[in-house]
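Please model the complete structure; the sequences and the hints are all you need to start from.
Note that the sequence shown covers residues 1 to 123 in my numbering.
Hints listed in this document are in silico derivations from the structure and should not be mistaken for laboratory results.
Fair warning: there could be bad hints in the mix.
Straight-line Cα separation of at most 27 Å, DSSO-like style, residue types lysine-lysine; simulated pairs [as the list claims (entries may be wrong)]:
| id | residue 1 | residue 2 |
| --- | --- | --- |
| 1 | Lys-100 | Lys-63 |
| 2 | Lys-50 | Lys-15 |
| 3 | Lys-50 | Lys-63 |
| 4 | Lys-100 | Lys-50 |
| 5 | Lys-100 | Lys-15 |
Simulated restraints on C-beta separations [unchecked claim]:
| id | residue 1 | residue 2 | range |
| --- | --- | --- | --- |
| 6 | Thr-22 | Pro-81 | 34 to 42 Å |
| 7 | Asn-47 | Pro-81 | 17 to 25 Å |
| 8 | Asp-112 | Ser-31 | 28 to 36 Å |
| 9 | Leu-60 | Pro-81 | 33 to 41 Å |
| 10 | Thr-22 | Asn-64 | 37 to 45 Å |
| 11 | Cys-117 | His-86 | 27 to 35 Å |
| 12 | Leu-52 | Ile-115 | 15 to 23 Å |
Glycine residues also receive a C-beta, built at the ideal position from the N, C-alpha and C atoms.
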Amino acid sequence: MRVLVVEPERRPEVKEIDDSLTAMQGIVSGSIQPIYLEDSVVLVCNNEGKLLDLPANRGLRDKNGQLCDIVCGTFFLCCAPANRDHFTSLTPEQVERYRKRFYTPEMFWGMDGRIVCLPLEVD
1 MRVLVVEPER RPEVKEIDDS LTAMQGIVSG SIQPIYLEDS VVLVCNNEGK
51 LLDLPANRGL RDKNGQLCDI VCGTFFLCCA PANRDHFTSL TPEQVERYRK
101 RFYTPEMFWG MDGRIVCLPL EVD
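Right, dumping it as structure tokens:
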């Protein structure tokens with residue numbers, strides 16, 4: 001299955017993985033939690049990423065671009081078609097769309113009761 005893996009402080013990377021729970025749990029380092037996005041795409045992260053104090057990775061934003069959540073730890077994106085009971089490969093178009101969306105690593109700070117998100121420069 002072709003997925004887009006997004007690690008903290010790194011650019012997204014396309015990888016081929018087995019379509020198995022073990023492979024998915026290996027990427028996120030624990031039990032998986034799907035977060036359904038648009039276009040049948042699902043973001044799969046560690047269900048306990050925040051509780052385990054995994055590093056903050058990328059922000060999730062609402063339709064207005066406002067930060068609404070932070071994904072902690074490594075996550076991946078794949079496809080979750082409505083007519084299937086399992087995850088499938090991303091299409092080339094989905095890969096490019098989400099590679100652009102999550103291309104720039106981010107850093108987060110608490111400041112005056114708010115969370116500040118800044119882009120992180122990496123090679």
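Query - Indices of hints not satisfied (ascending) - result: 6 and 9
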